[in-house]
Amino acid sequence: MTTRFSDRLLDSLASFFEALLRFLPALAAAMLIFFLGLLAGWVLRRVVTHFLRVTRFDRACDGAGLLQLLARADIRTPPSVLVGRGVFWLVFASFTMAAMAALQVSFIDQLVAEFFLYVPRVLSALLVVLAGFLLGGFLARAALLTAANAGLPSPRLLALVVKLLVSVIALAMALEQLRIATSIVLAAFIIAFGSVMLGLALAFGLGGREVARRLLERHLEQPQNQDSDNLSHL
Amino acid sequence: MTNADLSFLSDKLRDQLGEVGQADILVGIPSYNNARTIGHVVQAVQAGLARHFPHQRAVLLNSDGGSTDGTPQVVQEASAPSQDTILARHPLRAVHRIVTPYHGLPGKGSALRTVFGAAVVLSAKACAVVDADLRSITPEWIELLLQPVLANGFDFIAPLYHRHKYDGTITNSIVYPLTRALYGVRVRQPIGGDFGFSGRLAHHYLQHDVWFSDVARFGIDIWMTTTAITGGFRIGQAFLGAKIHDAKDPSVDLSAMLAQVTGSVFSLMEEHAARWATVRESKPVPVFGFEYAVGLEPVRVNVGRMLERFRGAVRELEEILSLALAKDTWHAVRQLAARGDDHFTYPPELWVRTVYDFAAAHHHRALHRDLLLRALTPLYLGRTAAFVIQMEHADAAEVEAALEELCLAFERDKPYLVHRWKNREDPP
Numbered sequence: 002m003t004t005r006f007s008d009r010l011l012d013s014l015a016s017f018f019e020a021l022l023r024f025l026p027a028l029a030a031a032m033l034i035f036f037l038g039l040l041a042g043w044v045l046r047r048v049v050t051h052f053l054r055v056t057r058f059d060r061a062c063d064g065a066g067l068l069q070l071l072a073r074a075d076i077r078t079p080p081s082v083l084v085g086r087g088v089f090w091l092v093f094a095s096f097t098m099a100a101m102a103a104l105q106v107s108f109i110d111q112l113v114a115e116f117f118l119y120v121p122r123v124l125s126a127l128l129v130v131l132a133g134f135l136l137g138g139f140l141a142r143a144a145l146l147t148a149a150n151a152g153l154p155s156p157r158l159l160a161l162v163v164k165l166l167v168s169v170i171a172l173a174m175a176l177e178q179l180r181i182a183t184s185i186v187l188a189a190f191i192i193a194f195g196s197v198m199l200g201l202a203l204a205f206g207l208g209g210r211e212v213a214r215r216l217l218e219r220h221l222e223q224p225q226n227q228d229s230d231n232l233s234h235l
Numbered sequence: 010m011t012n013a014d015l016s017f018l019s020d021k022l023r024d025q026l027g028e029v030g031q032a033d034i035l036v037g038i039p040s041y042n043n044a045r046t047i048g049h050v051v052q053a054v055q056a057g058l059a060r061h062f063p064h065q066r067a068v069l070l071n072s073d074g075g076s077t078d079g080t081p082q083v084v085q086e087a088s089a090p091s092q093d094t095i096l097a098r099h100p101l102r103a104v105h106r107i108v109t110p111y112h113g114l115p116g117k118g119s120a121l122r123t124v125f126g127a128a129v130v131l132s133a134k135a136c137a138v139v140d141a142d143l144r145s146i147t148p149e150w151i152e153l154l155l156q157p158v159l160a161n162g163f164d165f166i167a168p169l170y171h172r173h174k175y176d177g178t179i180t181n182s183i184v185y186p187l188t189r190a191l192y193g194v195r196v197r198q199p200i201g202g203d204f205g206f207s208g209r210l211a212h213h214y215l216q217h218d219v220w221f222s223d224v225a226r227f228g229i230d231i232w233m234t235t236t237a238i239t240g241g242f243r244i245g246q247a248f249l250g251a252k253i254h255d256a257k258d259p260s261v262d263l264s265a266m267l268a269q270v271t272g273s274v275f276s277l278m279e280e281h282a283a284r285w286a287t288v289r290e291s292k293p294v295p296v297f298g299f300e301y302a303v304g305l306e307p308v309r310v311n312v313g314r315m316l317e318r319f320r321g322a323v324r325e326l327e328e329i330l331s332l333a334l335a336k337d338t339w340h341a342v343r344q345l346a347a348r349g350d351d352h353f354t355y356p357p358e359l360w361v362r363t364v365y366d367f368a369a370a371h372h373h374r375a376l377h378r379d380l381l382l383r384a385l386t387p388l389y390l391g392r393t394a395a396f397v398i399q400m401e402h403a404d405a406a407e408v409e410a411a412l413e414e415l416c417l418a419f420e421r422d423k424p425y426l427v428h429r430w431k432n433r434e435d436p437p
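Quick mapping for you: the protein sequence lines, in order, are chains C and P. Per the working numbering, the first sequence starts with residue 2, numbered consecutively. Per the working numbering, the second sequence starts with residue 10, numbered consecutively.
Please note that the accuracy of each hint is not assured.
Unchecked claim - Between beta-carbon pairs, the in silico distance windows are:
| hint | chain 1 | residue 1 | chain 2 | residue 2 | range |
| --- | --- | --- | --- | --- | --- |
| 1 | C | ARG60 | P | PHE221 | 38 to 46 Å |
| 2 | P | GLU434 | C | ALA151 | 29 to 37 Å |
| 3 | P | PRO424 | C | VAL197 | 48 to 56 Å |
| 4 | C | ARG60 | P | ARG284 | 21 to 29 Å |
| 5 | P | PRO356 | C | VAL197 | 42 to 50 Å |
| 6 | C | VAL197 | P | HIS112 | 45 to 53 Å |
Don't read these hints as lab results, they were simulated from the structure. Note that the Cβ used here is the ideal one computed from N, Cα and C, for glycine as well.
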């Protein structure tokens, strides 16, 4: 009885040590990959940040109004540094996942596979949000200038509406990319967008009827209006 | 002199030019839907050539942008004026008349490229281009634009007009003083539109690869003037009298027009930065022709509406104007907006800073260039309104004196521009 127990104990211990001996190289490899990830992330962060500084990325962001937006969120870090940090964390997370895969644990393998399948979606969602922000900023400024130069009322409100619309569209597209509550996001987007448009149509059609009439009258009467300019600017 | 690439000329045009052979004079008329006025322009050109250059072999080339109102037919059918009533002597040579559509981007630049190409093919000694919408052109214009090239060895003749004191405000408040301060040459109408030039200069123009840029569309006038200046060509001016042209389409947006003109000037500044940075002061340019007073059509200006736009923009466009202007300039502009209509002024020194700040912002791409250029419109309206208020009771001489003062302010403050051009940040 005692012999059988000790045999089994020894067998178990032998199996454990055998498993441990099998696991240790994998662990060492995982740790190596982990530290390599740290190193690669650090190097790439430096390279990307330097490249963005050389190509005046911060100035371009300043021109696009991104710095102002970051300042409003109390973020004073230059965009080139922020992108560099993003690259670091992306590289580091990828290497960490690879390190975990090196451990050859079945449920971790599945997790890692899902992570790598999801990364492109996260990247494309980020790109969509960034493009939406830049496009929204540009279109909002264009609307602001056009409205101000044409003497239309409330140019800033018009610009804000343009920016909001583009941002909402970009956000909905990004969430769709991330597959987060796709059907709810789609329904919410359709309802929200439709409501805004309907609201604008009603506001302009009912509330702004007089304004619309005055604008049209002014526009149509302009050629006959003796108060208008006839100087040649060129 | 290297050979110019003339592959852009159509085979038909080459054949037509080949039939003519060599010509001494080429007069180009770029057109697009100018059926109403181009007949008169063609007649004036024909009369001018017959009267003043009867011994020269001349070609009239209409380079058309696909008019749909029968402009080419009007050119073909425009009869030469009666020789008994107009001409002092009978022409010895007939004027060849060619009508051709141009190729490339739609715009005056592409039309003139065809004229330059034809000048090279014909080995023309002297060329002139006149706008197709002119109502005040006379046969003497042709003599004044061509004679200095043929007889005096000049390469580029810019026009000099008498205009109403409120007319040509973009030229007067931006293009002339800026071009003068930058390149040190006093060409009074750098975007006049009617020019004389030598065949040598036409060849030089064709050496530049600008025909798919904004130059091909609308920046051709300032490009021709600037290229002639920076190329070291002999430049003169010809007094042509009054410039009256067909009424512009009222739908043409001032903001777009201003953006096109200033964008062209600023882009040329990029190209010639090394040259203009060292230029100080300016020199006059010889003037041909007899200056005389002319009757001018009255001009209506709605100062109240200009000021309304200016104040509205200062109120609404802070996020854009604060990026375009230096801190001190922006502060001063905001103070202006608070003044009443009667006491409104836009001092020359502040206007100079405004233009220089915009040029530097354009260079440093402080924000998207098209948006930046459009943001200048309300400030330009403010400056124009101030000028109209200031000059309400002034005569032509006093107006010219005020413009001269503005030009000197541009020249005095040029070191500021050079500094801002090199440094993105505000000066200390």
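Hints and how they fare:
1. ARG60(C) <-> PHE221(P): 38 to 46 Å: violated, 28 Å
2. GLU434(P) <-> ALA151(C): 29 to 37 Å: holds, 33 Å
3. PRO424(P) <-> VAL197(C): 48 to 56 Å: Once the Cβ atoms are compared, 51 Å apart, the range 48 to 56 Å for VAL197(C) and PRO424(P) holds.
4. ARG60(C) <-> ARG284(P): 21 to 29 Å: Given about 26 Å between the Cβ atoms, the range holds.
5. PRO356(P) <-> VAL197(C): 42 to 50 Å: holds, 45 Å
6. VAL197(C) <-> HIS112(P): 45 to 53 Å: The hinted range 45 to 53 Å holds for VAL197(C) and HIS112(P), with Cβ atoms some 46 Å apart.
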